[in-house]
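Visitor: All chains, full assembly: derive it from the sequences and hints.
Chains C and P, in that order, are what the protein sequence lines are. Mapping the first sequence onto the numbering used here, position 386 (from 1) lands on 568, and the numbers just tick up by one. Mapping the second sequence onto the numbering used here, position 64 (from 1) lands on 391, and the numbers just tick up by one.
It should be emphasised that the hints constitute simulated quantities derived from the structure, not laboratory data. Every residue gets a Cβ at the ideal spot worked out from N, C-alpha and C, and that includes glycine. Please note: incorrect hints may appear among the correct ones.
[Stated by the list, open to error] Listed next, with one range per pair, are the computed distances between beta-carbon atoms:
1. P/Leu-339 - C/Ser-639: 21 to 29 Å
2. P/Ala-334 - C/Ser-639: 19 to 27 Å
3. C/Tyr-529 - P/Leu-346: 39 to 47 Å
4. C/Gly-806 - P/Ala-331: 48 to 56 Å
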Amino acid sequence: MIVSMSKVQVLGPRRLLPRALQVLHGEGVLQIRSLPDGPRAALGGDGRRALRVVPLVDAERAAERALADIAGRLQELLVLLPAPDRITGGADEGLPDDVAAPEFGARLAPIEAEVRAFSARRDALQAERDLAARYARLLTALAPLRRALPAGEQVTTLGILLRRDRAEILHVLEREVRRMTSGACVLLSGNVDREQIGVLLTVPREAAPAVSRFLFERGIAEIRLPERYTGQSLLDALLLLTRRSQELPAEIREAEAGLMAISRRWHRPFTAALQAARSRRARLAAMASCGETDHAFVIYGWVPAEQRVRLTAALDAAFEGRVMVVDHPVSATDYDDVPVVLRNPPYVRAFEPLVGFVAWPRYGSIDPTPFVAGFFPLFFGVMLGDVGFGGLALALTLLARLKGWGGEIGRQLTTIALASSMSAIAFGVLFGELFGALGEPLGLHPILFDRRTAALSFLAMALLLGVCHVVLGISLSLWSALRHHHEREALARAVVLALIAAAILAGLAHVGYVPSTVERPALVALALLAVATVFLGGAIAAIELVSTLGNILSYARLMALGTASVMLAEVANRMVEIFSSPVVGVTAAVTLHAVNFAMGLFSPTIQALRLHYVEFFDKFFEGGGKPYEPFALTNQPRGAPA
Amino acid sequence: MERALTAIAAALAIGLSALATAWVQSRIGSAGTGAIAEKPELRGIVILMLAIPETIVILGFVVAMLLLFGGW
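Guide: Structure follows, in C-alpha cells:
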C-alpha cells in the first residue's frame, strides 16, 4: 500500500529557522523540497514580503567549509582505525564541543599524525612481507646464478620476470640489450615455477636507466624492490628480504596494536563527532531549500499524513505555537514529485525489492507488492511442484535463515524462498510428485493430475492462471482509471474485461463445459465488444487486444517448465535401470536430480518474475516514483527498498 | 508414417523457435551486458528484455505439445 502523504508548509519567525531545522532534523519525518517558483511569484516584487531563498551568511559558509573538512578527516580516520575490541576512553575524551571550531581541528591533528604514521608503517611492512613471499621462489631460482654474474660498482643487475609461454622473448631481449650496451651485458635465466622464468641482466651502470626504460616500453616486468633496499645489489636485496620475512609479522602486529590502542580510546568520540558534523552540514544544506521574507521563514515539504499530527505537536512543544504547519491539498499534478512510502505487512514487505527491481511505484498509483506476494510463490510452486525439491529448498531456506546469511536482504529473500518452497511442496502433493514418481511406492498419487501424462490439462491450468492474472491486472487498471475519474479509459478497460469473459464463455461452450446454445450469443458479443474496444481506444486498442492474447498465452511457460522439470526427474529415476551397476546408476540419478534441482530454483524464479514484469505490470503499473528520504539524523530513507 | 511426420513437425516447432529465441537472446544479452557495465541500475530492465523473446520458444513448445498430444 502506498502511504498517503501531506504537502505541508512550515512557517515561523525568521530568527527561529536554525532552531526549527534542528527540531525537524530530530523528528526526521519531513522531506524538504526546494522552494517552488509559484509562491515567489505570488508574493512577488522587491518588497519586505518578497520570498527568497535563505542566503548563507559568511560565518555559515565558513562553518560549512570547516564541517566538510572535519567530516572528511574524521571519516578517513575511522577508515584507518580498526573496530575497537573494547572501549577505554570517555564519550568525548576532551574534544571541543563545536566540531566546526578551529580548536577541534587542532586537537585532531596530532592524533591524525599518529594514526597515519602507524597505518603507513603497517602498510609498508605488509607490502614488504607480501614482496618477500612473492620473491621467495624467485630467490631460490636465481641464487645459483649469482656466482656467474660479474660484480663491482661499475655494473648494475636488473631482475626480470617472464611468463614461460613467452620464453622466445629472451633471445630478442638479449639481442636488443647487447646492442644497447655494445655487447657489455650478461643475461642468465632460470625457471622460477611452472609459469614464470626469472632473468638476471647485468649491464654497465650508465646503461641501466636506458635498459629499464626499454623493458618498461616493451611491457616486461622488472623486479622492483622497496626503497630501503636501494643501493644494494638485486640478489643481496632479495636475500635480505627473505631474512626480513622472519621479523616482519611481529613488527606488523606491533603497528596494529598501536592502531588498536588509539581506536579503543578515540573510535567512539570520533564516530559521535562525525555524526555531529554531518548533522550540522545537513542542516546548513537544508537552509538552501528554505525560503524567507524580512520577518518569516518558510519550509516546503512532504510528510506521511499519519505523521503530520506528530510533527505539529513537536513544533508546538518546541516553539509554543510560534512555528506552525500549514497543509496544502495534493493534486494530480504533484504526483510526479511526491515521495513514495510503501507500507505492507512483514510477509508482503519482503517482496518490495522485487517490485523496486523494475521501478518504484508512482504516488497515486497502485502498489503491486501484495499481488506479487500472492502470485509469485503460486507460479513458482506450479513450475517446481515436487515435494522432494520443495523440501530441499525449504531446508536450505531454513538453514540460511538460522545462520542469518545475507543480513536484512538475506532475511527478505528467505521469506520469499520460504513461501515459494512451501508452495512447491503443496503443488508436489497435488501433482503426486516426490523427485518425480519416487513417491508412488509411498502412496503419493496425483490429486489434481499427473504432469507426466496430462499435458493438455496442465496447459489449460497454466492458461487459466494466466487469464486470472491478466484479468486482475486489467481490473486494477480499471479501478485506477475510476479513482482518477478517467471515465473513457475506465469504459475501455471494462469492455476489454467483458470481451475476455465472452471469449472464455464461447470457448467453454465450444468444448462442452457450458450448454452449446451459449456459444453463438457469446461469439456475437465478442464481435460487438471487439468493435467497441477499437471505437473507444482506436487502432492502439486493437493492438493491445492482440497483445493481451499473447500475454495470456505466455503463461504456457508455467506448463512448459513444469513438464520439463518432471520429465528430467523421470529420466533421472530411470538411470538406475539403464546402468547395470547400481552404484553408477544411483550416482547418475543423484547428479541429474541435483542438476534438475538447481535449474528448478533458478528458472521458475526468472519466469515468475517475467510473468509479473511483462504480462502483469504492463496492465496497470505506473513506475517512476521517488523513495521517501526524510530530513533525518540518519540518512537511511524510510520505506525505500532494501 | 503419419506418426513420424507429426514427431518431425513437433521437433521443428520447438527446434526452430528455440533457435530463434537463442539468436534474439544472444543479441539482447551482449547489448544488455554492455549497458549494465555502463549503467548498473539498468539490470532490471535488461533482465526483462532478455526474458521477452522466451515467449517464442514457449509458444513453439505449446505447438509441439498440441501436435504430439492434442490429436491434431
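Visitor: Look at each hint and say if it fits the structure.
Guide: Quick rundown of the hints versus the structure:
1. P/Leu-339 - C/Ser-639: 21 to 29 Å: holds, 25 Å
2. P/Ala-334 - C/Ser-639: 19 to 27 Å: holds, 22 Å
3. C/Tyr-529 - P/Leu-346: 39 to 47 Å: holds, 42 Å
4. C/Gly-806 - P/Ala-331: 48 to 56 Å: holds, 55 Å
Every hint, counting from the list given before, is met by this structure.
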